[in-house]
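Undergrad: Take the given structure of chain A and dock chain B to it, following the hints.
Those sequence lines, one after another, are chains A and B. One rule links them: number in the working numbering = place in the first sequence (from 1) + 1. By the working numbering, the letter at position 81 of the second sequence is numbered 65, and the numbering carries on one by one without gaps.
None of these hints come from the bench; they were simulated from the model. Wrong hints could be hidden among the right ones.
If you want the footprint, here are the derived chain B segments under chain A, 3+ residues with CB under 8 Å [as the list claims (entries may be wrong)]:
#1 82 to 90
#2 102 to 108
#3 132 to 141
None of the values given here were measured: they were computed from a predicted structure. Here a beta-carbon is modelled for each residue, glycine too, at the ideal position from N, C-alpha and C.
The chain contents come next:
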Amino acid sequence: MIDLDRQLIAYGDFLDNLERQIVVLRPQRTGPRRRSFHRAVAVAAACALVLVGTVGTAMTRLGWTNTSARSALHTEQSGWRLVSTAGAFEPILVPATRASTTITAVIDSSHGLVAVGYETNEQQSNELEDYFVPAVWQSDDGEDWQRLGHAGAFGDFSDNGRMLDVAEHGSRVVAVGVAGQHDLRAWRTDDLANWSSASLDRPSGYDEDWYGSVVAVAAGAQGFVTGGSIFTNHKDDGSGESSATFWYSQDGVEWSAVYIETAGGPESSVADVIAVDDGFIAVGAANAAPATWASSDGQTWNRVDVNAGVGDLRLSGPTNIVRKDDELIAFSSASNAESSGAIPAVIASSDDGATWQSQVLGRGNQQQEQTIIGLVTREGTLTVFAIGRRDDSYKVIEYTSVNGTAWATGVIDLPGIPGTATSFDEGTVVIAGPAWFYDLEPWSASANPTVWIKN
Amino acid sequence: MTVVTTTGPVQDQRPAAEAFDAFYRVVEPRIRRAVVAACGLSAGAEATAKAMEVAYERWDEIRVLENPAGYLYRVARNAARSRRRPIPSVALQEAERYGFEPALPEGLRQLSEQQRQAVLLVHASGCTLAEAAAVLGISVSTVRNHLDRGLDRLRSHLGVTS
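Isolated chain A (complex conformation) (with noise of 0.2 Å):
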């Protein structure tokens, strides 16, 4: 006999750690209120990533180092060094009004660091509606920063616009992101004075009620890639379809769906993307389970399912992926019915994405929870930005490892949360936007993305 109050009830603790996986953080009363809060979100949710690390035993088993005892790095120690960004980051379009920046993507290229994001402005909607323009700023040392044209610049998408990654082939830069609900769009460049755009083709076969999101771009020999979801088929109860994406453009003028998941189910999306030396690697979930991806034109596109279990515990889908030397790494979290929160996990492959072992990097609880921000690979490591609660407030955590297995864990005191990271010729820099409620301490005055430097 079914009992369906109690069948509810596991049901509901289901739906618990799913919702705890996209926004695991709440307002704290301690400091002024920032619109950064919706940027934090759009973070956490993007990332759909918590990281529950008790860097303890377990972890040692699998060679996670903890270093917590001597891990209370204060900034001055750690090496990093704020930038000066005043002016840089200040909203330019209706200054009086309250409004903020937002950056959401940074890249080494050709033409210096080129970071995009968005500007908001409330004041132009109502309370929940905020008002969007794309926003691109350059850098040549990481140190000076310009604001590169404005609105008009990237066209007029009815308030509506968002740079939400950067990439770059030759000397053509293109930003993706969103113009509206029924708009995924590409921004390109090859002087970055000089804006163009064209929308991602809606799939053949889809009418009108889509919709959809892109989450990342890649370029490589082959030409430029974004992977994202479209969701489809919505009914007045609220049911669809999820299904992972890919456009494809050779040269970041002509975009067209070229790949969307069909096997196994309606659940899939695509977290990110990279360009290897023989294509692509994606990674992200369907059905509820780690997927990845491979192409090598960009436009054929084979799924890799990833064992999903280790132990009694099961992995998530990847947000990140990064490769360094021949390993590929993403990250994800695991999770049992009984765990209170995600447990830092892997997956890595050393065949160029053919085959991937999963591992879990230790057992976590609640109080420890950590979401992923940024990756950086620079002199033969590769670095681990999040941010989890330390000592009763959320800090920011730097990861960092040689080889990918053995992992040493510090806590920085950036004041603000790292939305976005690269390494460069001088070292790796760090855009941070401020996030009241995360308790960051000390707290900084700006509103507005800050820099930090680490030489």
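TA: Coordinates of chain B only, in the frame set by chain A:
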């Protein structure tokens, strides 16, 4: 000191931060469950976060509302209105791990939005009928009707005879 409730003006005399924390702990999960039931996981969770940000920003106004939970539910519902998604599908192993029938999510999908909200608030979140009614801004009898019909349809879907 009175306990923070969701059905009437808040008489809580505690400091604002403490009162907000208490309110958040009680109300946020209910709103989140209701909006997720209506709009899906991602949209529901994000919209609830936005609503709680509004609660934080305007706490002095919201804490004295007749039904702050109901107001914030409408804020969240409004924020998620254009992003309706299904409640998440579940892999067989996942259902086994948590201990529910794999057919349950599909059964929930087949309910009307209001029935699904009532079922998930009362039976998957432990709300009383009055608490669910306060969040959804409807009467207790309406919640009971949605709940009864939703449970009947679920029983039918799952083949439960009693």
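Undergrad: Enumerate the violated hints, using their earlier numbering and listing them in ascending order.
TA: Structure breaks no hint.
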